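**Student:** The primary structure of each chain is shown beneath.
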Amino acid sequence: MIFNFKEKKWWKNTNMEIQSNIENLCVKSSLLADYFNSLKIEIKKEIVRIDSLQEIGRLAVIKIEYRINNTNQVVYNEFVIDKEQNSSGGRCLISLNNGFNRQIIIYKNESMLTFFPDFSKSNLCQLPQSFVKKLNILLNNKHWTISKITDLGTIVPFAEICPIKIPIFWVDINSEVLIDQSLTDKEIKIYDYNKLTSIGSKINDSIALSIIIRKHKLDKNE
Amino acid sequence: MNKLIAERLSNLNWFNNSEENIQETLLNCPESFDNFLFELSNRKDIAGNIEIIRLIAISFGNHFALPVFEVKDTKSGKIFEYEFIGRKRGTKHSVRGLVMIEKDGELQYFVTRKSWRFAIDSTINESIGSIYEPDDNSRLDKFKFKNYIENALSEQLGEEDVIFERFYDLGWLYPDVGMTHHKVSIFAAVLSSDRIDWDTIFTSKIINQKNYEFQYELIPVNNLLSYLAATNDSHLLAIFGRLQALNVIKL
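Keeping their order, the protein sequence lines are chains Z and X.
198 is the number that this note's numbering gives to position 198 of the first sequence; each next residue is one higher, with no gaps.
357 is the number that this note's numbering gives to position 135 of the second sequence; each next residue is one higher, with no gaps.
Careful: at least some of the hints might be erroneous.
Which residues of chain X face chain Z? A few of them, derived with a C-beta cut under 10 Å, are [stated by the list, open to error]: (1) R309; (2) G393; (3) M401.
Hints are computed from structural coordinates only; laboratory data are not their basis.
Note that the structure is predicted; figures quoted are calculated from it, not measured.
Using N, Cα and C, we set each Cβ at its ideal position, and we do this for glycine too.
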C-alpha cells in the first residue's frame, strides 16, 4: 500500500517514534491508511503534526495539532480508531417470511440488536453461528434460507470521536414456519413486520433505529 | 481525585487485583475525568455472566479514556479482554435533537446541521447538538429540560426568543454499544415562524463554539424521504425513527 501522507508537511513535522507507530498501524489497517492518505489541509486550518498516538488494547487515540490560519491559534483534536477494523463491519436487522406473514427478529437485548454479516467465505451472507443455532431451535429445524439482502447505505455512529462508517442492511429470510412468540426469551424479541415503524419507541440502539427508518423509507418508495 | 471515588474503587476486587502502576494511573488521572471515574467505580465485580478480573491498561487523552479489562465469562470459564471508549464527562455527555419550523400550524422545515468533523475529516449532515447533557435534576423534569434546550439554542443563535411551541423528550439512545459507554439524550422541538422569521435566523449563522464549525440547514418537509438517504448521522436517523414511532411525523 502506498502511503501518500509521507510526503505531507505535517508528517515530516511529526515525531519519528509516532511516525513509526502510525506506519505500523496503517500496514495492519487499510481504514487508517485511507484516513491519513486523505487527511487534507482545510482552507481555514493547517494541520501541524500528529501530536501523540496512544495504543490501548484494540483501540488507539490519535491527537492532531492544527493551527487556525486567521488567528494563529493552535488547537488539538483527538479521535479514536479501532485498530482491528480493517473494513467497517456491517450491521443488519432480519425479517422472517413464510409467504403469508412477516416477522422482525430483534436478537440479544435492547442495546445490542444488530449483527455482523460475514461475506468473507463466499458472496452469500453468513449470519453469526450463535444466531443460526438459536434460529434453528426456534424454527424447530425447519428449512429456512436467506432470500434477499438490501443495502441501506452507510451511517456514522459517532462522527465526533471515531472515523468509522458502518454499512447497514436488511436481511430477508424465507422460512417454512414463523417463530412462535411463546418460545422467545430474553435474547429474542419478535414483532410483526407491519409494526416496523412503531418499534422505534422500544429500542435504544441508534444503529438499529437508523436501519429501521431507512428500511421504512425504502418500503415507502417501492 | 475525589476521595469518595478513591474509596469506592478500593472496595472493588477488580481494582485491588490490578497492578499497582495501573491503580496509580487511575488514582492520579486529571480531575476533569472525575465523572468517568465515578462511573467506573460503579462497575461491580460481576455483572450478568461477566466477572471483571482486573483492569490491565488505561489511557487518558484530552477527552477520552480507554480502559481495557480482563474479564471472565462465568458460564464458559473463558478469559478475554473488554475495552471501550469512555468520555471524561461520563456516559451522559451530550444532547442531540431536531428542530422543526411551522407556519400557520403547518410544518414547513426540519432544521439540521452541516458540520465539519475532525474525526471523519469531512462534513456531515447531522442533528442539532453542541449541547452538554444537563444535570439529572434538569434532565428528568420535562419542563426544565425544555428550558435548558431553549437556553442552549438561544446561546448558539444569539437570539433571546427561543420558545418552543411543542417539545418532545425522546429519551435516550446508545450510538454504538460495542465501542463506547456513551448514552445520548435526544429531543425534538417545534418553533413557530408566525411572529419570528426562524428560517432566516437559522440559515444566517455559522457557529463555531467548540473548535468545529457548522451551519444550520433547512430541509423542506416534502424532502424528508430523500434526506434520509443523504444524512448518515445515526443520531439524526434515530431521532426520525423515534418521531415516526411516536406518530409525530409520518413518512
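**Student:** Each hint: holds or not?
**Tutor:** Outcome of the hint check:
1. R309: Holds - the Cβ of R309 of chain X comes within 10 Å of chain Z, reaching about 8 Å at its closest.
2. G393: 7 Å, holds
3. M401: 7 Å, holds
The earlier numbered hints are all upheld by this structure, with none contradicted.
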